[in-house]
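Chains as they are written, first to last, in the UniProt record's numbering: chain A, 1 to 380; chain B, 1 to 266.
Check before you lean on any hint, since a few could be wrong.
Result set (DSBU-like, lysine-lysine): computed pairs, CA atoms no more than 35 Å apart in a straight line [unchecked claim]:
#, chain 1, residue 1, chain 2, residue 2
1, B, K44, A, K310
2, B, K127, B, K259
3, B, K88, B, K259
4, A, K310, B, K20
5, B, K259, B, K20
6, B, K44, A, K90
7, B, K219, A, K90
8, A, K310, B, K175
9, B, K44, B, K248
10, B, K219, B, K252
11, A, K310, B, K219
12, B, K88, B, K127
13, B, K127, B, K219
14, B, K20, B, K44
15, B, K88, B, K44
16, B, K88, A, K225
17, B, K28, A, K198
18, B, K219, B, K248
19, B, K44, B, K259
20, B, K28, A, K310
21, A, K90, A, K310
22, A, K310, A, K198
23, B, K248, B, K20
24, B, K252, B, K44
25, A, K310, B, K127
26, B, K28, B, K175
27, B, K67, B, K252
28, B, K20, B, K67
29, B, K175, A, K119
30, B, K67, B, K127
31, B, K175, B, K219
32, B, K28, B, K88
33, B, K175, B, K44
Worth flagging that the hints you see were computed from the coordinates, not collected in a lab.
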Amino acid sequence: MAAAATCGTGTRSTGSVVVAASRNNVTSFQRRGPRASGTDSGCSRLVSIAGTRPSVRNGQLLVSTGLPALDQLLGGGLAVGTVLLIEEDKYNIYSPLLFKYFLAEGIVTGHTLLVASAKEDPADILQELPAPLLDDNCKKECDEDICNHKTESNIKMKIAWRYQLLPKMEARPVSSSRFGHYYDVSKRIPQELIEASKWHGFFLPEKISSTLNVEPCSLNHGYIKLLQFIQNIIYEEGFDGSNPQKKQKNILRIGIQNLGSPLWGDDICWTENCDSSHSLTKFLYMLRGLLRTSLSACIITVPTHLIQNKAIIARVTNLSDTVVGLESFIGSEKETNPLYKDYHGLIHIRQIPQLNNLIYDVSDVKDLAFKLKRKLFTIE
Amino acid sequence: MFPELNNLLNTTPDQAEQGKLTLLCDAKTDGSFLVHHFLSFYLKANCKVCFVALIQSFSHYNIVGQKLGVSLTTARECGQLVFLEGLKSAVDIFFRPQEDPHPLQFLREANSGNLQPLYEFVQEALKPMDSGEAAWRCPVLLVDDLSVLLSLGVGAVAVLDFVHYCRATVCREQKGNVVALVHDSGDAEDEENDILLNGLGHQSHLILRAEGLATGFCKDVHGQLRILWRRPSQPTAQRDRSLTYQYKIQDKNVSFFAKGMSPAVL
């Protein structure tokens, strides 16, 4: 761990070094991830990226999904290099929320974002992200006193002295090195945070007009453009280690909305035997190949309830690493069921990857429901 | 390699059978632990292995292999293991088109391509060495998994042809083994997958089927394994042997027990 402290660079990482070192349970196995740029030592890669932490189970690097409850269900977080597939609920009310949590978490921790959508302009999506709760309503009461009396001396912290070790919260929003934040859904993210962050947008109607210079294959036109776009970003910014990075390594968070819907030009939603039935599955396979060799994590929302061919749903599920399904109660008979009266829907964890391991971390409780309170999205 | 599974299958690395096609299938659960078992089993049995890994990256198999006692990197360096990493090669072939035929050429073709370049890759990898190096025992082809090929646009018939060619070369000519994993989609009405599964099921000598429990999720019993021994070439009246066990996957091992005899229950 001493080596980690000396080779971590940047002001942002010092906080995370302390926190990470205390719970760094690195086994003797190497971290699975990009095999490139062997100039860094292994431990500096683990601790010098803000907003990530190694998994206690297999040393895999994890990023937060933006929802600490979901992180816990997925075994600590989303592993870098994997795909999180969200099966949308029927009226597409709650899945954009998870999507936005993921992106907001990226902004707060300073990751680079790549937002792709066929429906809304990515700039608009970014405007609607929830604001992070930086004053931490979730902490205990005594901590609020600490925040309010920041400038006082340390004599106050006799009882709550553990909180001294945590990074102090500042008045203006800064990128935090913590893992997993809480967000206030009713507020919008402050504009300066968006401007301070780095993001790339892919809006399908803009990109599709240019001509394509690739030989025909059974992949959809829009998907090809998206793959090339993602690959360009990964290559140019060095997420796959191709350019020796002088600056700090960062994670690329990719968010793709409504993949497979008719807006992307895919016809699996309205016919059962479609011509390009393999577009979506091929796209997912290529995407996974790109992700595995770079420092990125991806969230995709798919309207699986619209896909007519059930076989494609099964294949899409098999091709993604983590699959979470949302089923909202609106309009179904479960709405009046007294058991569910406090909740807005069910959340199904359909698949969790087993990475570098024979088994995966499964929570004990399988029946999970979510509810959207005025400010928070909770899973119980 | 799981010692308990070796006992159930009545094999040890020293007496590995030859000329067999083993089918691994999983339904409603993940059967990849069987792939890890066979990979480490054949590496320990000193066989030359060609592994076509289409689902996960090399380091994933490597790390699990280390837990099971084999090192894939050393095996690859000394030539015992030929590894085709599907994910990485797919990215290469899609974004940087190459002239020479690549094993995963079908990814760039518009219609459902054939798997001939892949077969030629396998053939090249497993052909016996004449230079008198350390002779490996028998060649083994391991594919993880075949259902992904269906998702990538290859027809079920093309995949069956590929397996047939591999079987003819590896099992008949070179007296080796072929092990393949196929996902069973259950009630998802995937016709192509059913064709593939049934076709392979009739050709294989040993079928290992990992199923989820019918009663749902349980923390102590992860699933049920059905082992079926067959003799596809002799349609005699002799019945095929079949055994059913339940299993629990642990960090480095999988423990098997008879139905209902889980240590958690007793």
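Verification of the supplied hints:
1. K44(B) to K310(A): Violated: K44(B) and K310(A) sit about 41 Å apart, past 35 Å.
2. K127(B) to K259(B): 43 Å, violated
3. K88(B) to K259(B): At roughly 41 Å apart (the allowed maximum being 35 Å), K259(B) and K88(B) break the hint.
4. K310(A) to K20(B): 34 Å, holds
5. K259(B) to K20(B): Answer holds: K259(B) to K20(B) is near 28 Å, not above 35 Å.
6. K44(B) to K90(A): With Cα atoms ~51 Å apart, K44(B) and K90(A) exceed 35 Å; violated.
7. K219(B) to K90(A): 31 Å, holds
8. K310(A) to K175(B): 40 Å, violated
9. K44(B) to K248(B): 23 Å, holds
10. K219(B) to K252(B): Measuring from Cα to Cα gives roughly 17 Å; hence the hint holds.
11. K310(A) to K219(B): 29 Å, holds
12. K88(B) to K127(B): 24 Å, holds
13. K127(B) to K219(B): 45 Å, violated
14. K20(B) to K44(B): 18 Å, holds
15. K88(B) to K44(B): Within the cut-off at roughly 27 Å; holds.
16. K88(B) to K225(A): Holds, because 19 Å separates the two Cα atoms, which is no more than 35 Å.
17. K28(B) to K198(A): 41 Å, violated
18. K219(B) to K248(B): 9 Å, holds
19. K44(B) to K259(B): Holds, at roughly 30 Å.
20. K28(B) to K310(A): 15 Å, holds
21. K90(A) to K310(A): 16 Å, holds
22. K310(A) to K198(A): 38 Å, violated
23. K248(B) to K20(B): Between K248(B) and K20(B) the Cα gap is close to 27 Å, so the pair holds against 35 Å.
24. K252(B) to K44(B): 16 Å, holds
25. K310(A) to K127(B): Measuring from Cα to Cα gives roughly 41 Å; hence the hint is violated.
26. K28(B) to K175(B): 33 Å, holds
27. K67(B) to K252(B): 6 Å, holds
28. K20(B) to K67(B): 27 Å, holds
29. K175(B) to K119(A): The given pair, whose Cα atoms are some 56 Å apart, is violated under the 35 Å limit.
30. K67(B) to K127(B): 30 Å, holds
31. K175(B) to K219(B): Violated, because 41 Å separates the two Cα atoms, which is more than 35 Å.
32. K28(B) to K88(B): Roughly 27 Å separates the two Cα atoms, so the pair holds.
33. K175(B) to K44(B): 18 Å, holds
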